[in-house]
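Just so we're aligned, residue 2 is where the sequence shown starts under my numbering, counting upward by one.
Just so you know, the hints here were simulated from the structure itself, not pulled from any lab data. Check each hint, because a few of them may be wrong.
[Claimed, not checked] PhoX-like, lysine-lysine: derived pairs with alpha carbons at most 20 Å apart:
1) Lys54 x Lys66
2) Lys54 x Lys29
3) Lys66 x Lys78
4) Lys42 x Lys54
5) Lys29 x Lys42
[Stated by the list, open to error] Per label pair, the in silico range of CB-to-CB distance:
6) Asp163 x Asp25: 31 to 41 Å
7) Glu70 x Lys29: 34 to 44 Å
8) Glu124 x Leu51: 53 to 63 Å
9) Ala62 x Gln166: 19 to 29 Å
10) Arg125 x Glu22: 56 to 66 Å
11) Tyr191 x Gly149: 49 to 59 Å
12) Gln16 x Ser142: 14 to 24 Å
All residues carry an ideal CB built from backbone N, CA and C; glycine is no exception.
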Amino acid sequence: MATTIKSVDPAWLQQADQIRENLDGLAKRIGDDPRLSDAAKRTRTARLYLQAKEQMDQLTAGHAKAAAEHRLKLTRKAFGFDDVSGFGAMDRATVAASYRDAQDRVAKITEPREAQALLDRAERGGDELLSRAVAAHAAESGWADVLGAYTQTRPGQAAAIDQLQQAQAEGGTRSLFAWVVPMPSALSGYESRLQALADAPGMADPPARP
2 MATTIKSVDP
12 AWLQQADQIR
22 ENLDGLAKRI
32 GDDPRLSDAA
42 KRTRTARLYL
52 QAKEQMDQLT
62 AGHAKAAAEH
72 RLKLTRKAFG
82 FDDVSGFGAM
92 DRATVAASYR
102 DAQDRVAKIT
112 EPREAQALLD
122 RAERGGDELL
132 SRAVAAHAAE
142 SGWADVLGAY
152 TQTRPGQAAA
162 IDQLQQAQAE
172 GGTRSLFAWV
182 VPMPSALSGY
192 ESRLQALADA
202 PGMADPPARP
């Protein structure tokens, strides 16, 4: 059964499903092969399982990197300043420095009412950098009302924030199951001896059927 996580590129999940399906199919063929002893079946199945685990580990690492890059892109779209206009001759370095100052100021806020008050002042004064810094802090702190006040007049940022929150939520425990490789039943009871089973000597492939 295919795995579905909205914020994850389906191509990653398809690869994970394929790894599991390949293991299931090959493990079944081994289990059904009358030429193999039980010990040989366990050895071959252990090798396949460890190979599948290694493939899944590599896939998981690749996805984690891509997911982090995706979240960073969404964070910049939601709270960054690349799309902010009205700075005139101010260069990017100056704007970045001003934004860092705003972030430092906002980082000291510990209560949502303080954040809302500062957001209101920033909005009245047209200080977009401060508004975005407050919104970013509100998102990190879980202050939904403050964040809602920020997004009310910013549909573009609202969409990015929704996507970011979904990506963060689905990057937790729920997504971990997408990268699990179930152990074949033939290896039940041998969990602590998988590598030893896979390394067992004298387990060459049986001759092909005539």
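The hints, checked one at a time:
Taking the CA atoms of Lys54 and Lys66, the gap is about 18 Å. The hint holds against a cut of 20 Å. The suggested pairing of Lys54 with Lys29 holds, with an alpha-carbon distance near 17 Å, which does not exceed 20 Å. For the suggested pair Lys66 and Lys78, the alpha carbons sit about 19 Å apart, so the restraint of at most 20 Å is met. Taken as a hint, the Lys42 and Lys54 pair is honoured in the structure, with Cα atoms around 18 Å apart against an allowance of 20 Å.
Taking the CA atoms of Lys29 and Lys42, the gap is about 10 Å. The hint holds against a cut of 20 Å. The supplied range of 31 to 41 Å is met by Asp163 and Asp25, whose beta-carbon atoms lie about 36 Å from each other. Hint check: Glu70 to Lys29, Cβ distance near 38 Å, so the stated range 34 to 44 Å holds. Distance hint check: the CB atoms of Glu124 and Leu51 are about 57 Å apart, consistent with the given range 53 to 63 Å.
For Ala62 paired with Gln166, a C-beta distance near 24 Å keeps the hint of 19 to 29 Å intact. At roughly 58 Å, the beta-carbon separation of Arg125 and Glu22 lies within the given 56 to 66 Å, and the hint holds. For the pair Tyr191 and Gly149, the beta carbons lie near 53 Å from each other, so the given range of 49 to 59 Å is met. A beta carbon spacing of about 36 Å between Gln16 and Ser142 contradicts the range 14 to 24 Å that was offered as a hint.
Going through the hint list in order, the structure does not satisfy hint 12, though it satisfies all others.
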